[in-house]
Amino acid sequence: VIWLTIAIIPLAQSAIHRGCVSRQASSVPVAHRVRVRASQAGAFWKSLGDGDIRRPPKRYLDNILAEPWRGGLEPISDISPYAPEVSGKIPEDLEGSLLRNGPGRIRVGDNLYGHWFDGDGLVSRITLDPKTNSATFSAKYVRTDRFKAQERTHMDDGFEKRGAWTNRKGGFLGNLFQLPTNPANTAVICWEEKVLA
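Read in the working numbering, the sequence shown has 34 at position 34, and its numbers run on one by one without any break.
Calculated directly from the structure, the hints in this document are not laboratory data.
Even glycine gets a Cβ: it sits at the ideal position worked out from N, Cα and C.
Warning: the hint list may mix true and false statements.
Label pairs and their in silico Cβ distance ranges [to be verified]:
1. GLY174 <-> VAL86: 29 to 39 Å
2. ASN167 <-> ARG55: 42 to 52 Å
3. ASN167 <-> GLU85: 44 to 54 Å
4. PRO130 <-> ARG152: 39 to 49 Å
5. ASP157 <-> ASN63: 19 to 29 Å
6. LYS169 <-> GLU67: 21 to 31 Å
7. TRP191 <-> LYS58: 39 to 49 Å
8. ARG152 <-> PRO84: 27 to 37 Å
9. PHE177 <-> GLU85: 49 to 59 Å
Hey, can you work out the whole structure from these sequences and the hints?
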């Protein structure tokens with residue numbers, strides 16, 4: 001079985017984004033650690049109201065509150081570009097954008113994918129500009145037909161599309177002759193000023 005899914009993710013039109021690779025960075029030591037106490041993580045999850053789409057179903061929330069590291073596995077939403085504060089100076093030869101792709105969610109509502117390899121693709125972008133000493137971060141789901149179908153599904157009814165390790169709703173007959181769909185979560189390539197996943 002050969003899968004072919006190409007999704008186009010628009011990039012910003014500023015000069016720094018025009019080339020997918022502007023220069024290869026030198027070996028610059030980069031160290032950044034984020035430490036969050038378990039009580040802080042628990043406070044975040046408890047602060048999400050019942051109507052907040054980021055709030056996990058109760059059985060997942062209970063597990064997160066008991067073991068806060070599980071919150072790192074929760075699905076995220078698209079993240080609009082934002083500029084975090086830069087501490088120090090970005091090296092001159094560290095310029096451009098780094099694009100990474102991977103599973104952004106392994107659960108839709110109360111439905112859990114059979115394996116994290118089935119998780120819907122999320123492309124993250126970090127852009128560094130040493131001229132202005134600024135950085136931006138953004139993330140966006142790859143809008144495949146599969147992703148759109150899963151979004152239309154009622155959150156607790158099961159999946160519309162089958163994955164490699166995840167069956168769709170309908171039991172044996174619902175999955176018979178249904179080929180697995182591609183989550184577009186493996187890699188990205190730049191082609192004619194577009195990002196393909």
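Hint check for PRO84 and ARG152 - Cβ pair distance inside 27 to 37 Å = At 34 Å between Cβs, range holds.
Does the Cβ distance between LYS169 and GLU67 fall inside 21 to 31 Å?
-> The hint (21 to 31 Å, Cβ to Cβ) holds, given that LYS169 and GLU67 are roughly 30 Å apart.
Taking 42 to 52 Å as the hint, is the beta-carbon distance of ASN167 and ARG55 inside that range?
-> At 26 Å between Cβs, range violated.
Taking the beta carbons of PRO130 and ARG152, is their distance inside 39 to 49 Å?
-> holds, 43 Å
In this structure, is the beta-carbon distance linking PHE177 and GLU85 contained in 49 to 59 Å?
-> Check passed, 53 Å falls within 49 to 59 Å.
State, for the Cβ atoms of TRP191 and LYS58, whether the hinted interval 39 to 49 Å holds or is violated.
-> At roughly 44 Å between Cβ atoms, LYS58 and TRP191 fall inside 39 to 49 Å, so the hint holds.
In this structure, is the beta-carbon distance linking ASP157 and ASN63 contained in 19 to 29 Å?
-> For ASN63 against ASP157, whose Cβ atoms are near 22 Å apart, the range 19 to 29 Å holds.
Is 44 to 54 Å a correct range for the gap between the Cβ atoms of ASN167 and GLU85?
-> Since ASN167 and GLU85 have Cβ atoms about 45 Å apart, the given range 44 to 54 Å holds.
Does the Cβ distance between GLY174 and VAL86 fall inside 29 to 39 Å?
-> violated, 51 Å
Going down the numbered hints, you'll see the structure goes against 1, 2, while the others check out.
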